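Visitor: Now for the letters of each chain:
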Amino acid sequence: MAGSLPPPSPTPKPSPTAAKFAGRLIIFEGLDGSGKSTQARLLVKWLQARGYRVFFTEWNSSELISDTIRRGKKKNLLTPTTFSLLHATDFADRLEQHILPPLRAGYVVICDRYAYTAFVRDAARGCDPDWVRSLYGFAPTPDKVFYFRVPVATSLARKVASRQKISYYEAGMDLGLADDVIASYEKFQSRLKREYERLVTIDRFVVIDADRPVETVLNQVRREVRPLLTGFPKAESLVHAEG
Amino acid sequence: MPKARTYGTPLPGMPRETLHGRLIVLEGADGSGRTTEVELLKEWLEVEGHPVVDTGLRRSTLLSQEIEEAKKGNTLSATTLALLYSADFADQLENKIIPSLAAGSTVLADRYIYTLMARAIVRGASRAWAEKLYGFALVPDLTIFLDAKTDILLHRAIAKYGSLDYWESGMDLCLSRDRFESFYRYQALLREEFGFMESRYGFHRVDANRPPAAVHRETRDLVAPLFRSEARRRR
Chain A
28 MAGSLPPPSP TPKPSPTAAK FAGRLIIFEG LDGSGKSTQA RLLVKWLQAR GYRVFFTEWN
88 SSELISDTIR RGKKKNLLTP TTFSLLHATD FADRLEQHIL PPLRAGYVVI CDRYAYTAFV
148 RDAARGCDPD WVRSLYGFAP TPDKVFYFRV PVATSLARKV ASRQKISYYE AGMDLGLADD
208 VIASYEKFQS RLKREYERLV TIDRFVVIDA DRPVETVLNQ VRREVRPLLT GFPKAESLVH
268 AEG
Chain B
2 MPKARTYGTP LPGMPRETLH GRLIVLEGAD GSGRTTEVEL LKEWLEVEGH PVVDTGLRRS
62 TLLSQEIEEA KKGNTLSATT LALLYSADFA DQLENKIIPS LAAGSTVLAD RYIYTLMARA
122 IVRGASRAWA EKLYGFALVP DLTIFLDAKT DILLHRAIAK YGSLDYWESG MDLCLSRDRF
182 ESFYRYQALL REEFGFMESR YGFHRVDANR PPAAVHRETR DLVAPLFRSE ARRRR
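Those protein sequence lines, which keep their order, are chains A and B. If you count the first sequence from 1, position 116 lands on 143 in the numbering used here, and the numbers rise without skipping. If you count the second sequence from 1, position 195 lands on 196 in the numbering used here, and the numbers rise without skipping.
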């Protein structure tokens with residue numbers, strides 16, 4: 028009858044893995060101020076200098092729906108669900124436009140934030156983690172995910188030192204965790220960290236202790252990336268392969 | 002009395018209190034007489050003394066403009082468009098449908114998640130993904146599927162607009178470069194998907210090849226039992 032639950036749906040198809048693409052997909056995840064963006068950029072430089080074709084992309088501002096998100100945020104129209112779905116929309120667009128083409132063309136694609144950012148952020152806002160994960164079922168599983176682990180205090184200290192204004196949503200003010208932006212930011216980042224930690228085994232993150240000097244961290248990142256590039260063609264050979 | 006109020010994971014913060022109003026969904030292709038039927042049902046219910054709120058797809062304040070823009074440009078992938086529609090639907094559900102039901106109004110939905118799912122699925126989305134995506138949707142009290150033959154839809158579209166709409170012809174699927182041919186194939190695909198969903202979701206199929214008055218008599222007979230005083234509340 029109408030209203031009763033339909034029979035259980037067939038098992039969802041597993042996410043495509045990056046292994047079936049010509050390129051490599053490497054992800055940098057972590058809290059704000061964990062140093063992941065700095066490391067991602069340094070890795071790009073290193074790979075380029077070694078002759079690889081590298082494509083770098085970051086997921087911090089949205090092109091497709093930035094106006095909607097901005098307008099929704101201004102009027103506080105967004106709920107955890109619409110917030111989540113809008114970001115998934117934006118991610119799908121980015122994936123199609125910016126990540127899949129270079130990945131298929133044989134680039135090393137380096138992403139500063141990926142679907143995992145959505146997993147932790149949406150879960151911290153109260154969305155069901157399995158539901159959020161299923162939304163991103165279309166996203167390829169990366170070859171490597173670096174998780175930059177820092178204490179929340181470090182994240183906060185770096186954020187304050189950078190003198191960037193902490194936005195309403197970044198601080199999770201919509202959750203009513205605290206009246207004060209700093210206190211709210213700290214609580215919200217703690218929730219994000221808890222979610223990241225939960226994903227470490229599920230998504231086989233390579234955990235990077237990011238509370239160390241940049242050079243030390245970079246050496247570890249390079250060591251982890253090297254095996255992915257065994258036999259991987261460099262730019263020169265790609266260009267001349269056709270001719 | 003079914004326990005589930007949603008198909009899957011409920012919305013975070015969804016009101017735990019009883020939603021007193023009835024949710025009635027009308028589904029059917031463009032030209033199936035859906036919108037006319039919504040108007041007739043609304044008029045009838047209001048005369049009977051029931052407050053009615055009607056809602057349709059792409060009427061949310063949050064996103065309708067973006068969706069129009071996206072459709073004009075036609076550069077979005079099927080997945081992106083499906084997610085954009087789902088955000089729009091979630092906005093309407095949370096900001097319009099649920100508050101109206103909580104206030105005791107009857108909500109007449111001119112299309113619901115089924116159209117959105119069918120559109121995504123015929124464009125290559127997996128059914129499992131689409132079902133999980135829309136798992137937060139409320140289970141309607143009644144879903145009426147206005148089923149009309151493609152020939153009838155075709156004639157009504159031409160009579161009304163003088164042409165076949167790009168999207169209603171599924172031109173983005175590249176089924177055929179010929180719009181007439183594409184319209185037939187696309188509507189057949191959707192109809193097949195609706196046929197599948199009919200049993201899965203318990204649609205009440207109404208033969209929409211007939212004039213509006215005949216359709217209305219039948220839908221009224223389907224709706225009336227929901228308002229009998231002895232009718233058990235489902236929510």
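Hints in this document: simulated from the structure, not taken from any laboratory. If you're wondering where the values come from, they're calculated on a predicted model, not measured in any experiment. Ideal placement from N, C-alpha and C gives every residue a C-beta, glycine not left out. One or more hints might be untrue.
As the list claims (entries may be wrong) - Computed list of chain A residues with no C-beta within reach of chain B, every gap over 10 angstroms:
1) L104
2) L113
3) A119
4) D157
5) R190
6) S194
Unchecked claim - One-sided and incomplete, this derived list gives chain B residues near chain A with beta-carbon spacing under 8 angstroms:
7) S78
8) F137
9) P212
Visitor: All the hints need checking, so say for each whether the structure fits it.
Guide: How the hints compare with the structure:
Remark: the non-interface label on L104 (chain A) conflicts with the geometry, its nearest Cβ contact in chain B lying 6 angstroms away (cut-off 10 angstroms). For L113 (chain A), the non-interface assignment is contradicted: its Cβ lies about 5 angstroms from the closest Cβ of chain B, within the 10 angstroms cut-off. The claim that A119 (chain A) lies off the interface is violated: its Cβ sits roughly 4 angstroms from the closest Cβ of chain B, which falls inside the 10 angstroms cut-off. Not every beta carbon of chain B lies more than 10 angstroms from that of D157 (chain A), the smallest distance being close to 7 angstroms; the non-interface claim is violated.
The claim that R190 (chain A) lies off the interface holds: its Cβ sits roughly 32 angstroms from the closest Cβ of chain B, which is beyond the 10 angstroms cut-off. Separation of S194 (chain A) from chain B is adequate, the least Cβ-Cβ distance of about 19 angstroms exceeding the 10 angstroms criterion. Taken as an interface hint, S78 (chain B) checks out: its beta carbon lies about 5 angstroms from the nearest beta carbon of chain A, inside 8 angstroms. A distance limit of 8 angstroms between C-beta atoms decides the matter here; for F137 (chain B) the minimum to chain A is near 6 angstroms, and the interface restraint holds.
Taken as an interface hint, P212 (chain B) does not check out: its beta carbon lies about 26 angstroms from the nearest beta carbon of chain A, beyond 8 angstroms.
In this structure, the earlier hints numbered 1, 2, 3, 4, 9 are contradicted, and the remaining ones agree with it.
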